[in-house]
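J.: Each chain, written out:
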Amino acid sequence: MARKVAIVGVGMQKFEFCKVETIEEMVFDVARNALEDARLSKDDIDAVVTGSAVDAFCGIVNSDKVATDGAGGFLKPTMRNSTSGSSAVSTPILGYNHVASGMYDIVMVICYEKMSENASAQAVFNTVYDEAYVRPIGLNVPIQCGLEARAYLHRYGLTERQMAKVSVKNRGNAISNPYAQLPMKLTVDDVMASPYLSWPVKLLDTSPVTDGARAVILASEDVARELTDSPVWIRGTGRGADSVWFMGRANPDLGRLDYAYLAARQAYEMAGIKDPAVEIDYAEVYDPFTFKEMQHCEALGLCPEGGAGRMIDEGVSWKDGALPVNASGGLQGEGNPIGAGMSRLNWCYLQIQGKAGDCQVSKDVNTAVCNAWGGMYQYNAVMVIGRD
Amino acid sequence: MSKKKPEMTIGGTIQVDYEWSVGNAGERFFTEIKDHKRIMGARCRTCGRVMVPPRIFCEECFVDAIEWVEVEPKGTLVTFGDCYFSTDGKRLDEPWILGIVRLNGADGGLIHFIKEAKAEDLKIGMPMEIVFSDERKGHILDISHFRPVKESE
Ligand SMILES: [Zn+2]
Chain Z
4 MARKVAIVGV GMQKFEFCKV ETIEEMVFDV ARNALEDARL SKDDIDAVVT
54 GSAVDAFCGI VNSDKVATDG AGGFLKPTMR NSTSGSSAVS TPILGYNHVA
104 SGMYDIVMVI CYEKMSENAS AQAVFNTVYD EAYVRPIGLN VPIQCGLEAR
154 AYLHRYGLTE RQMAKVSVKN RGNAISNPYA QLPMKLTVDD VMASPYLSWP
204 VKLLDTSPVT DGARAVILAS EDVARELTDS PVWIRGTGRG ADSVWFMGRA
254 NPDLGRLDYA YLAARQAYEM AGIKDPAVEI DYAEVYDPFT FKEMQHCEAL
304 GLCPEGGAGR MIDEGVSWKD GALPVNASGG LQGEGNPIGA GMSRLNWCYL
354 QIQGKAGDCQ VSKDVNTAVC NAWGGMYQYN AVMVIGRD
Chain A
188 MSKKKPEMTI GGTIQVDYEW SVGNAGERFF TEIKDHKRIM GARCRTCGRV
238 MVPPRIFCEE CFVDAIEWVE VEPKGTLVTF GDCYFSTDGK RLDEPWILGI
288 VRLNGADGGL IHFIKEAKAE DLKIGMPMEI VFSDERKGHI LDISHFRPVK
338 ESE
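Keeping their order, the protein sequence lines are chains Z and A.
Quick note: the first sequence uses the working numbering, first residue 4, plus one each step.
Quick note: the second sequence uses the working numbering, first residue 188, plus one each step.
Careful: at least some of the hints might be erroneous.
[Claimed, not checked] Every beta carbon over 12 Å from chain A, so not counted as near; a handful from chain Z, in silico: (1) GLU27; (2) THR71; (3) ASP256.
[Unchecked claim] Taking CB as the label site, the calculated pair distances span: (4) GLY105/Z <-> PRO314/A: 29 to 39 Å; (5) ASN254/Z <-> ARG278/A: 56 to 66 Å; (6) VAL203/A <-> ARG158/Z: 39 to 49 Å; (7) ASP192/Z <-> ARG278/A: 17 to 27 Å; (8) ARG35/Z <-> PHE249/A: 38 to 48 Å; (9) VAL336/A <-> VAL281/Z: 33 to 43 Å; (10) GLY210/A <-> ASN121/Z: 27 to 37 Å; (11) ARG334/A <-> GLY309/Z: 39 to 49 Å; (12) ALA253/Z <-> SER208/A: 51 to 61 Å; (13) ARG278/A <-> ARG35/Z: 50 to 60 Å; (14) PRO193/A <-> VAL281/Z: 24 to 34 Å; (15) ILE197/A <-> ASP316/Z: 48 to 58 Å; (16) GLY235/A <-> LEU78/Z: 53 to 63 Å; (17) VAL281/Z <-> SER208/A: 45 to 55 Å.
[As the list claims (entries may be wrong)] Lysine-lysine pairs mimicking DSBU-like chemistry, simulated, CA-CA at most 30 Å apart: (18) LYS17/Z <-> LYS277/Z; (19) LYS337/A <-> LYS68/Z; (20) LYS337/A <-> LYS324/A; (21) LYS224/A <-> LYS192/A; (22) LYS188/Z <-> LYS192/A; (23) LYS261/A <-> LYS192/A; (24) LYS17/Z <-> LYS45/Z; (25) LYS358/Z <-> LYS45/Z; (26) LYS188/Z <-> LYS277/Z; (27) LYS277/A <-> LYS188/Z; (28) LYS188/Z <-> LYS358/Z; (29) LYS192/A <-> LYS17/Z.
Honestly, the hints are just simulated from the structure, not real lab data.
We put the beta carbon where it would ideally sit given N, CA and C, even for glycine.
Input sequences plus hints: build the corresponding full structure.
T.: Here it is as structure tokens:
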């Protein structure tokens, strides 16, 4: 029987392009912030879990080795996790497993990415594609997204203008986020007028290249109740993977993320949530591209399948809407240091605690969901958190 | 954007050359393309699914009972993407196009260049065909590109 696990503190820092801080320095900053937030010291931490997506971004192979000291891992059990972009949520899931299993009472979870120091993020991305069938063709990120976005809009009859509204919403929300890299006041026409990377994806449908880290401290029920009167529990976790051979899958349609629906179903079953569109108060949804937020809202059951266009059109996911999504600005507005997209979880926690500052939504938030995506259109990780 | 940028940095390059095996399934697949312009799929003897790209096992049935079958060098356009940026990030005047084509007789397909067509001529679901390269050496570029099947055919 799994033990209950609470989030007892989070560590934030500004997301930026070209940070002076090394990975070690970035990680130390967020780890210390999280300890302060939880009113704990390094010696209280039983184990450390770190996560980042792609070492080729920072050019430091096995980069967890330089994250260890800053994460408070000196002479402690440590473990590094990587499931590409979905590390952003699979890493705190690994931390959850450490505590839920009964192995450790207090675990520091750190996610980081330093993406600005390579000469070409595009060249790094090209190294992740299959060497025999894909890389020689020269697939790049714009086309990778174009292939998926076109299939998605085609399948459900959605539009570029609906995608553009997600960009307007998220970059606008980021204006209230002191940690954000790319706050912008935009109109739909601004987004529509930005240059195409690959139809239907335009420059302002994307997220920036970012340096940054995030920390979360997890604790067992006994410890959490000592530390706080109002613990925020991890209520559900889920993960799903599809085949790396995206051109040869059983479900060939890149428009429907079977693996994300699977991850969401697991997390909701574990949390006892039957109707997420009603029971979830707030969501931080993985949005490296505008259409990814839309696909993920559907897979997470925040709207009906194919209903993400109506959701944004009707204002449901706006900051003052019935089910706000990414009031922090998301990856598009806050920045996208891939693994450190764990910020989605941090913001769910801050919203539930009422500590989201100017990003705080006006409605009560008791239950929130976040997710992350990675691999070759391949992985999804989902976490549901909430009060008793 | 950040106000301060690192003043002290250390430059460096990581460059390592590799020779990747194409694997047991890849050797058969690329040899058939090179010698016979044939596209081969791997049929799972348990579920009957024909995998392209071919594999030595089916990830659903998790068996390695595979038989090789020839599939058509023609199929259906699943999706496609055009791009004004080259893979090394250079801005292009004319877009290049990649597409995924599910091949007839297979439950999968390939991603490759689309040529002899503009993006506005293309539609998801339309019939496409493979054009092989004249010079072939056992490589995915032994296929030159996909193109729409000509009306007269
Ligand atoms: Zn099978």
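J.: Next, verify each hint and record whether it holds.
T.: How the hints compare with the structure:
no., hint, in the structure
1, GLU27, "holds (14 Å)"
2, THR71, "holds (21 Å)"
3, ASP256, "violated (7 Å)"
4, GLY105/Z <-> PRO314/A: 29 to 39 Å, "violated (58 Å)"
5, ASN254/Z <-> ARG278/A: 56 to 66 Å, "violated (35 Å)"
6, VAL203/A <-> ARG158/Z: 39 to 49 Å, "holds (40 Å)"
7, ASP192/Z <-> ARG278/A: 17 to 27 Å, "holds (23 Å)"
8, ARG35/Z <-> PHE249/A: 38 to 48 Å, "holds (46 Å)"
9, VAL336/A <-> VAL281/Z: 33 to 43 Å, "violated (49 Å)"
10, GLY210/A <-> ASN121/Z: 27 to 37 Å, "holds (29 Å)"
11, ARG334/A <-> GLY309/Z: 39 to 49 Å, "violated (32 Å)"
12, ALA253/Z <-> SER208/A: 51 to 61 Å, "violated (26 Å)"
13, ARG278/A <-> ARG35/Z: 50 to 60 Å, "violated (43 Å)"
14, PRO193/A <-> VAL281/Z: 24 to 34 Å, "violated (48 Å)"
15, ILE197/A <-> ASP316/Z: 48 to 58 Å, "holds (50 Å)"
16, GLY235/A <-> LEU78/Z: 53 to 63 Å, "holds (56 Å)"
17, VAL281/Z <-> SER208/A: 45 to 55 Å, "holds (52 Å)"
18, LYS17/Z <-> LYS277/Z, "violated (36 Å)"
19, LYS337/A <-> LYS68/Z, "violated (57 Å)"
20, LYS337/A <-> LYS324/A, "holds (27 Å)"
21, LYS224/A <-> LYS192/A, "violated (54 Å)"
22, LYS188/Z <-> LYS192/A, "holds (25 Å)"
23, LYS261/A <-> LYS192/A, "violated (53 Å)"
24, LYS17/Z <-> LYS45/Z, "holds (22 Å)"
25, LYS358/Z <-> LYS45/Z, "holds (23 Å)"
26, LYS188/Z <-> LYS277/Z, "violated (37 Å)"
27, LYS277/A <-> LYS188/Z, "holds (28 Å)"
28, LYS188/Z <-> LYS358/Z, "holds (24 Å)"
29, LYS192/A <-> LYS17/Z, "holds (14 Å)"
This entry does not satisfy hints 3, 4, 5, 9, 11, 12, 13, 14, 18, 19, 21, 23, 26, going by the numbered hints stated previously.
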